[in-house]
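Asks: Going line by line, the protein sequences match chains F and D.
Numbered according to our numbering, the first sequence spans residues 12 to 108.
Numbered according to our numbering, the second sequence spans residues 15 to 236.
It should be emphasised that the hints constitute simulated quantities derived from the structure, not laboratory data.
Yeah, the Cβ is synthetic: ideal placement off N, Cα and C, and Gly gets one too.
There could be a bad hint or two in this list.
Distance condition first, Cα-Cα at most 30 Å in a straight line; then the derived DSSO-like pairs of lysine-lysine [said to hold, decoys possible]:
id : chain 1 : residue 1 : chain 2 : residue 2
1  : D       : 177       : D       : 68
2  : D       : 78        : D       : 95
3  : F       : 62        : D       : 29
4  : D       : 34        : F       : 89
5  : D       : 77        : D       : 34
6  : D       : 77        : D       : 66
7  : D       : 48        : D       : 29
8  : D       : 135       : F       : 62
9  : D       : 34        : D       : 78
10 : D       : 29        : F       : 89
11 : F       : 89        : D       : 48
12 : D       : 78        : F       : 19
13 : D       : 77        : D       : 48
14 : D       : 177       : F       : 19
15 : F       : 62        : D       : 66
16 : D       : 34        : F       : 19
A partial selection of chain D residues facing chain F, derived with a Cβ cut-off under 10 Å [to be verified]:
id : residue
17 : 74
18 : 83
19 : 92
20 : 95
21 : 116
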Amino acid sequence: MLTFGDFKRIAGADYDQEELQRAIAILVSRFHALEMRLVFIDNDEGPIYLKPDEQQDFIERGQLIHPHRGVLVEGGEKNTFPYYIARPQTLLEEVAE
Amino acid sequence: MIEGPSWAQLDFAAKTTPEKIRLELMRGVTLYEKFSDLIETALNYSIGEMVKAKNIINPASQKKDRMDEDQLTLTLSGPLKGMGFDISHSTNVGGNCDIVVEGGSEMIWIGEAKIYSDYGKLMGGFQQLCDRYSSGMPNQNRCGMLIYFFAGQVAHVMEEWRKYVGDAREHLTSIDVAGNTLQFRTSEPHGATQVALNVLHMAVPLMHEPTDVAAPPKRGAA
Chain F
12 MLTFGDFKRI
22 AGADYDQEEL
32 QRAIAILVSR
42 FHALEMRLVF
52 IDNDEGPIYL
62 KPDEQQDFIE
72 RGQLIHPHRG
82 VLVEGGEKNT
92 FPYYIARPQT
102 LLEEVAE
Chain D
15 MIEGPSWAQL
25 DFAAKTTPEK
35 IRLELMRGVT
45 LYEKFSDLIE
55 TALNYSIGEM
65 VKAKNIINPA
75 SQKKDRMDED
85 QLTLTLSGPL
95 KGMGFDISHS
105 TNVGGNCDIV
115 VEGGSEMIWI
125 GEAKIYSDYG
135 KLMGGFQQLC
145 DRYSSGMPNQ
155 NRCGMLIYFF
165 AGQVAHVMEE
175 WRKYVGDARE
185 HLTSIDVAGN
195 TLQFRTSEPH
205 GATQVALNVL
215 HMAVPLMHEP
225 TDVAAPPKRG
235 AA
């Protein structure tokens, strides 16, 4: 799991820095070496990692439906955080080529 | 606690078109239609930037100082690289294609660029794009025809070009681009695969002939 905090430690670049964003964009959308995931920090329950269908629903609506309660979370996008996971299979395929 | 910006903070920070596109790519673009739409948005941005710099690209009455086709295409492509696209110039895709943008899962968008001089030359470029460079494969069937103009009458030329290409190719259909008379779309079955090949024709108007630099006519000169 890689957060923007990790990127800052590794690359010394803040999330709004163009070079870092470019690198992430290429790794995600061109090479599929990284995949973005989302975690919702619920004030009551703590971190809730969104499942792929919940994440897709959030991206399409632009609003978060609480994964456990099924109700709209007002301002949920302020408490939803992206992080990245490496896609080892993709990396292995690239190395094998 | 996760270190870093929330979804809302990232949205708020992305104010310009390049920033918004980069954010989309950082979040992940896996659908070809979305990939191609983003490229078109990026090109529209880039065209706008070029038009703003037309006095440098096409200095008034300085034909020798004008950019050539390759320089124009590199200028057009530059911002897309900054947005996070894997874009290249003169890459081999069925030949030396002017613009190639590659995405994941074998997604490819290609573009042909021409300086307008006559419809025959544009037709040559269009034929290369459709019949030589394009694979006609799904996820590779959206393209662009970029037309640079150093002279005026751009809307009229684009209208005539639309008729010309429609008359020349039997199975081609064309549609308007909403709110933009300097662009249109064409679609026709690819010669090899019969997959619909969809091309966005985009004008890049670079005429720069300011009238305020000439000496004003003398009044009452006898």
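Asks: Compare the structure with each hint and give your call.
Replies: To see whether the hints hold, each was checked on the structure:
1. D:177 with D:68: The given pair, whose Cα atoms are some 28 Å apart, holds under the 30 Å limit.
2. D:78 with D:95: 28 Å, holds
3. F:62 with D:29: Status holds; Cα separation ~29 Å.
4. D:34 with F:89: Holds. Residue 34 of chain D to residue 89 of chain F sits at ~18 Å (cutoff 30 Å).
5. D:77 with D:34: 37 Å, violated
6. D:77 with D:66: 19 Å, holds
7. D:48 with D:29: Holds: residue 48 of chain D and residue 29 of chain D sit about 20 Å apart, inside 30 Å.
8. D:135 with F:62: Measuring from Cα to Cα gives roughly 53 Å; hence the hint is violated.
9. D:34 with D:78: With Cα atoms ~37 Å apart, residue 34 of chain D and residue 78 of chain D exceed 30 Å; violated.
10. D:29 with F:89: 17 Å, holds
11. F:89 with D:48: Given pair residue 89 of chain F, residue 48 of chain D holds - Cα atoms ~25 Å apart, limit 30 Å.
12. D:78 with F:19: 47 Å, violated
13. D:77 with D:48: 39 Å, violated
14. D:177 with F:19: 54 Å, violated
15. F:62 with D:66: 45 Å, violated
16. D:34 with F:19: Status holds; Cα separation ~21 Å.
17. 74: 34 Å, violated
18. 83: 27 Å, violated
19. 92: 13 Å, violated
20. 95: With a closest approach of 8 Å, the residue 95 of chain D hint holds.
21. 116: 7 Å, holds
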